[in-house]
Structures are given as structure tokens and as C-alpha cells.
Amino acid sequence: MSCSCNMSAEEGLGCPRREIQIQMPGAEEAKVFVHKTCVLHSTILAVSAMQNAVPLIHGPISCTYHYKVFLEMFLGHKSRIVCSGLTESDVIFGAAEKLRKAIIETYERFRPELIGVLTTCAADLSGEDVKGVVDEVNKELTGCEVIYVASGGFRGGSAGPNQGYGYHLVYNALVPLMEVPKMKVRRSVNVLGHVHPPGPNQDIDEIIRPLKRMGVKINCVLTSGARVSDIRRVPEAELNVLRCENNARRTAEILKEKFGMPYTNLGMSPVGVKTNSEWLMEVARALDMEQEARRVIQWEEDHARRKIQPIREAVQGKRAAVFLSPGKSIAVSKFLYEDLGIKPEVVCMLHYNEWAIDTMKRFASGMDFNPKIMVEPEYTEVISALEEHGIELALGGTTEKQICKRLGIPYVHEMVYEEPHQGYLGAVKLAEEIYEALKAG
Amino acid sequence: MTCLGGLGVPRLSEAMIDETESVLQEPMRSSATVGAVSAIYKIQGAFPLIHGPVGCKFLPEFTISWYTDDLIHIACTYMNDFDIIYGATEKLKKAILRTYKDRGPKLLAIIGTDASSMIGDNVDLVIQETQPQTPGMDTIFLDTAGFRGEYNDGVNETMRGLIKHLMKDPQERISGTLNIVGDVAGGEDQVEIRRLLGRMGVGVNAVLTADSTTEQIKGAPRAGANICLTRELGQECAQIMQERFGLPYWAGMTPYGLEATKEWLAQAAVLAGEPANWGGVVQAEYDQAWKDLSEARTALKGKRVGVVGSSDMALPLTRFLGLELGMDVGMVCFTNRNEAAEQELMDLVREGNLNPEVLVQANLFEVEELLELTQLDLLVGSEGERYLAHERGVTVVPVFYPRMMGKIYFQHKIYQGDSSKEAYLGFRGAVNLGARMAKEYANPTIPLK
Chain A
1 MSCSCNMSAE EGLGCPRREI QIQMPGAEEA KVFVHKTCVL HSTILAVSAM
51 QNAVPLIHGP ISCTYHYKVF LEMFLGHKSR IVCSGLTESD VIFGAAEKLR
101 KAIIETYERF RPELIGVLTT CAADLSGEDV KGVVDEVNKE LTGCEVIYVA
151 SGGFRGGSAG PNQGYGYHLV YNALVPLMEV PKMKVRRSVN VLGHVHPPGP
201 NQDIDEIIRP LKRMGVKINC VLTSGARVSD IRRVPEAELN VLRCENNARR
251 TAEILKEKFG MPYTNLGMSP VGVKTNSEWL MEVARALDME QEARRVIQWE
301 EDHARRKIQP IREAVQGKRA AVFLSPGKSI AVSKFLYEDL GIKPEVVCML
351 HYNEWAIDTM KRFASGMDFN PKIMVEPEYT EVISALEEHG IELALGGTTE
401 KQICKRLGIP YVHEMVYEEP HQGYLGAVKL AEEIYEALKA G
Chain B
1001 MTCLGGLGVP RLSEAMIDET ESVLQEPMRS SATVGAVSAI YKIQGAFPLI
1051 HGPVGCKFLP EFTISWYTDD LIHIACTYMN DFDIIYGATE KLKKAILRTY
1101 KDRGPKLLAI IGTDASSMIG DNVDLVIQET QPQTPGMDTI FLDTAGFRGE
1151 YNDGVNETMR GLIKHLMKDP QERISGTLNI VGDVAGGEDQ VEIRRLLGRM
1201 GVGVNAVLTA DSTTEQIKGA PRAGANICLT RELGQECAQI MQERFGLPYW
1251 AGMTPYGLEA TKEWLAQAAV LAGEPANWGG VVQAEYDQAW KDLSEARTAL
1301 KGKRVGVVGS SDMALPLTRF LGLELGMDVG MVCFTNRNEA AEQELMDLVR
1351 EGNLNPEVLV QANLFEVEEL LELTQLDLLV GSEGERYLAH ERGVTVVPVF
1401 YPRMMGKIYF QHKIYQGDSS KEAYLGFRGA VNLGARMAKE YANPTIPLK
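Read top to bottom, the protein sequences are chains A and B. Each residue of the first sequence is one higher than the last, beginning at 1 in my numbering. Each residue of the second sequence is one higher than the last, beginning at 1001 in my numbering.
Treat the hints loosely; a few may be bogus.
[What the hints assert, rightly or not] Stretch-level coverage of chain A by chain B, calculated; a stretch enters the list once three of its residues show a Cβ under 8 Å from a Cβ in chain B: (1) 59-65; (2) 69-81; (3) 97-103.
Keep in mind that the hints were calculated from the coordinates and are not lab data. Cβ coordinates follow ideal geometry from the N, Cα and C atoms, glycine included.
Construct the entire structure; sequences and hints are all you get.
See below:
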């Protein structure tokens, strides 16, 4: 059977069983109140997540200060972001020498293994030869790699400016550091698409825990906690595993082309019991480890479901709204519906991703109701949808939290949390938080 | 960075950095765009529209929402690479009309960014063309590209825009009233300042800009005089209003602490024609606050404290902490350059027999070095210094932006921030701040290891 979607029926959730309407961005009327952010956001995040790496913003102080404050508030993690402090005169007369000095000074002051030179709108538009400066300085420095990523906030490829594009740009800038492997490490994987800095109780720890139990070796997580030496060894792994489809699929394609590395892609983040098992089975199939996976999955599912079942009984049938990035919005909706019996009646993807939209259609077509699905909605549309659907619970980020606070809707922050929300134990924790939020009213 | 006194800032021994040639910055100052947004969104009936890419809207919207624990909205033209090449005036026109239709503001401020400034869109022409379709709405353009300046420049550009486009020669003057110039935060701080002026018999005509209506701002030239909350955020505007409308003004230190508040109120009284018994009212308030601070004074006396902030705010706080609370001021960092304030600080240090390390136009990595050297107990500053201070066992008391009113997410744990939103300006503010510091010292919001 032919299909207009991008995915074969064997992949992901299969073809849509019925037509699902999705409200796309870019309607006739100008959109002025959409809540998303720019490429620089994600390039800073991806570089900051690496060990001993410093993002150097080639631009005015403005972008630097706010991203630093934002990242510290958002990640609960100290961040170090420096800048060249472009002024009006630099924009007119050029600032190549200033950039060179700033790179050298970053190296001298912090002795990093990697400096990510990230340009802003002002530097990109002034036409500076940033690549030339970076190439020259790279010859002078020892023990430090300097990468350059054009991160002007107006960039964004075909999907328009959004943060998802920046992760891809950083991964691509890291590919030239990767070396052709002398040998492959059997049953080893790279996890692509996790950019939170390492720390206690992180999602990534819970995501890779069952993989390790299966006997899979984790070669590198891109970019969370990676050192330059880890990046160099990325091609030694047998397989690339996408944690977040949205920000790593294009890189996985590049690695497949350049190093012949296969990859698995569930099309969403591993949130929820069922999705985690599907995510693990994909990896297991690719590594020929299905037997090991079944054993681990059985144990993990039993353990998680025992804790989730009483919560399911208390919360099933509730109507929920989800406001998240494309891959995560699908995964959280799926978790609510399949694991908890909650109806995700309003699903908002905070930025555009064609692949994720197809995946969402497949998932939604299998549900017993028609959810309202919106891509890059404005807050007025969000408020209308929340009221229209009688939403009783919402999950998302900070802005939506404030909207729900005003409407008196119980809320679970799905971007800032103390304990993992992903992986099997993350599913239990997320279920408990949902229960507590509903109980508190 | 410039080091003004004390032991000096240690150099990195292994580094080859020539400090005079240093270009690297880890800034402690926010952007002109955020300055403009802050100044506009607190005006009742005004609305900001960012003419630029999405990040320029996201950052102010997100950070202001988070630190005030409130919902704010900003409109944006979402400039993309196509707009950069072909221009975005048509998009801007649509965004103006859409914002007018949806929000119906009395004042729309189009806030320029690096991108819009560099591609040279003719924003003034767009404003002119949309005016017939937006009756009842004033539209102004604020050129606040990030490379043109920082937060204070954005606030000042906003106030210049308001004076130029909204204010007219007054038909009458309301003697005995003042405008407060340079308050972009409002809230409980402004309530306290208004309370004190009210008790003295001084009326407030308008505030530039926080919590005023657009009509009040238009009527600002009717006041008897202007008093600036800080020099950095008010003096330039007050000077323009003096030249254009003949309004006298005073600009000095921000009223943090007892002495600075007393001085500020005295200047207000003079500008307002010295209402009857103003001096008695101020002295009574001063005496009460001095008494109310006794517990904090006992708890904090001799404790080693640092201050990080813009000069007109950090300077009066230095006096408050060192001379009014009896603390040992170990470091003072101005995040900007202000030669008058630097001289005043040197005078204060000498006369008050204080001995702090002093940095001006400080970078965060320099503050970090100084924190290592000075061994403080407490740091009065903002959330921006939280990590550096905490790593060194120093409790932070956030007074300046960003001061978190909602939840603080720190080292992967969530804590409740300063939800009281209480005033720190004026006499009651000084008492609040003293109590807050004593509480944080005894029982920090985020426990020290």
C-alpha cells in the first residue's frame, strides 16, 4: 500500500488509520505570539553540555548574558559562556582581530579542550571571515579544538528559525573531529541527541541504565558529558541510537554516510513504559540482542507497572494538554494515553518538525478520540483550546505554566524537574508527579 | 575591568593574558532590547513588539516570566533568513496590525534588534503607513540593537522615545508634584517610595515608566520637577526634559539604606518646594527604621559581605551594609563604569574606614577571582552570582535583577525564591533587606554544604 508519510509501516507507529487534522504554523494572518527560541539557544546548550568545553559567543554582550541566566535557571547547572562583546564600531569595521584575541584569551584563561565559536545575528550579517580566523587559531593552539557554528538567530533551514536546528549544526561541526576507527567495539552504541550537562539524577542516566543491563556498552553520549577524546571515538560504536529524533536524525544520516554507521530512531524520546520498551527493542534488534532485551524489558516493565497501576486507576479518563518539543510531545502524549489512560486532548508542538508531525499523525489515528494538535500555536490559541476541551491537567514548560496558573489548571513542569522523567523509573516518577498535581488541584 | 583599590585582583600566574589588551567578556549586564522591553511592558496600556528573530523575543519573555513568576507576552516579527535578504517591512506592517487587533494597546513600542538594525528596514515609514489603520494607538520605534549598548541604554532609549513622541509642552504646572524618573521595576519598591513622598506631602505626577498609564506619561511635563531613582536610568532623560520643558531635576544615589533614603527624600522635598514638616516626617521614619534594624544589626555586625551591582545601586548599599549595619564590606563590584560613583565610593571607603576590594565594569570571571580572595559570608547581588558564590560557601541575597520571585532551580534541585516580592528601597525596604540578610545568613534558602 502506498503512503504519503515519510515512514514505512515497519518503522514507528505504522500508517495513520484515519485522517488527523493538525493545525500548522504560518496561517494567512501574521503570527506574532508564538513561543519558541532561536538557533543560538541550542548551539550554546550543545557546546555547554560537553566536558571542559566553553562556548564563545562572537557577538554583543546581550545574547551572552541572557542565555547564561536562562541556562542556569533552566538546567539548574552552572554555565560558563564568554563573548567577544561586539560593538557598533566592530560591526562596521570588522572584528576579526578581536575574535582571534578572544579565542586565545578563552584558551589561556580556562584551558578548555574545546572552544565553540558561536556567531550571533550581528556577526553573521557583518560578513566576518570567522571560519578563516578559527582555522588560523586552530593551528596555534595545542590540546584544544576550536569549532565554528554560524548561529545567527534568523537561521533555521526549511522549518524556519527554531532551536532544533542548532543541535544539528553543532553535531555537524563535531563530525570533522571524528576519526576513522581502527576497530569497532562490539555491542556498543552512541546515544545521539542529549544535550543536558551531566549531573545527579539525570534523564540520560536512567535512559542508558537498561541498555547497560542488557550488556550494551555506551561509547559516547552526544553531547552530554562528552570529551573531545570521546567525540574522536564516536565511529568505533556499532550503532547510533537517537534519543531525541528532532535534533539528531540529520547527524545520524551524516554518520551513516561518512562512517557506514547504522542508527535506530523511534521518532520520539523514551518517555513512558511502553515507549521505553519499544526504544530498547529497536536497539536490541539492530545489535542482535533481542533475547537479552526481552529479559530486561520484562523485569523493568513489571517493576514500573506495579508502581504505576494504582496511579492509573486514580487518574485515568482525565483530559490533559501537552506543550513540548516535537519528539517529546509525542512521547509524553503516548505515555499519558497508553500507560495512564489519560486523554491528551490538546497537544502543542512548540516548533515545526515534519518527521515528528508524521509520527504524531500515526499515533493520534490509533486513539479513541480526536485530539487538538497544534504546531507553533499562539498563546491565545492555547488558551482557547484549554478552555474548549475542559483540560484538567497540563504538562509543559515555563510560559505554559503561567497560562495554566491563571486558568487554575494543575500543572507538571516537563522541562525542569529534580528526578528523571525519562526511562522506566522516570515513567514512575512522572506518573507520581501527575498524581500529586491532580491531588493538589 | 579596572581595579580601583584594596589588595588588587590576582592575575592568573600561568596565563599570558595582558589585561590591558583583554577583550574577553563574561558580561554581568543585560541587553538594550531587554532594557526597552522592561521599560515598556510595565506601562499600563503599552505593548512591546520585537522587530527581529525569535530569540530576541524569547529571552526577555522567558526570563522576565520566570523571575517575576508572572505571565508576560511580547509580540515579534520572527525575522528569518528570507527577511534578512529581502527586508521585513511588510511583515512588520502585518505584525503591527495584528497586535493592534489582538491587544488594542494605547502605545505600541517597536523594539529594534541587531538584525533589523543591520538590514536597514525603514521602520519609521511603516509606522507612518499603518497610522491611519490604528486609531487611538501611538506607535514609537526604539532602536535598541544589542551592539549599540546594554540594559541601561535600552531603558534610556525608551524614555527618550517617550519624551520625543508622547510629551508636549504643558498648559499648566502642578506645583508640589514630582515625576519619578528611571523606575522600570515598580512593585513594592515604588509603593514604599510613594508612601514616603505622600507622608511628606509630595505628590507624584507620573513615573517613568513602571506602573504608569500612557496618559500619565504624556502628562509628565506638568509636574513641578523630576527626581531620578538612579543617575544611570534617569539623568539623561531628566536633562532632556529640563531643556525641553524647563523641569528642574535631581539625580543621585538610589534610596537603598537609611542615609541614602534620607538624602533622596531631602532632595525631593527641595524640588517640591519644601512642604511643611517634611523634615520631621523623614526623621521619624529614619528613627523608626534604625530601631527596627537593631535585630539585623546584631545578627550581621562584623560579618563579611560583598556587593555586586550597577554603581548607583551598589554604592548606597555599601554605605548601608558597612556603616548602618556594621558589616565588614570585603568587596564592591560595579558592573558598569560611572566615574562620579567611583569617586564617591572612594570617598565613602576613606571616610567610613572601610577596606573593600573594588572592581568596576566587572566580568563574572573576575568576580569569581575576587570571591576566592575575599572569603565573604554574604553577597548582596543577583541570581547571576548564585553559582560562583555558592561554590565558595557564600550565601547570596538577590536584590537586583534577576531577583527570583518564583522557583529557583539550582544544582538540579528546586527551591522557593523570594515570593514575598517585598520592597528593598526606602526606609521599610532597608528594614526588609536587613531582616532578609539576617535570615539568609542564619538559614539560607539554598543550604550551603
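### Task
List in ascending order the numbers of the hints, as given earlier, that are violated by the structure.
none
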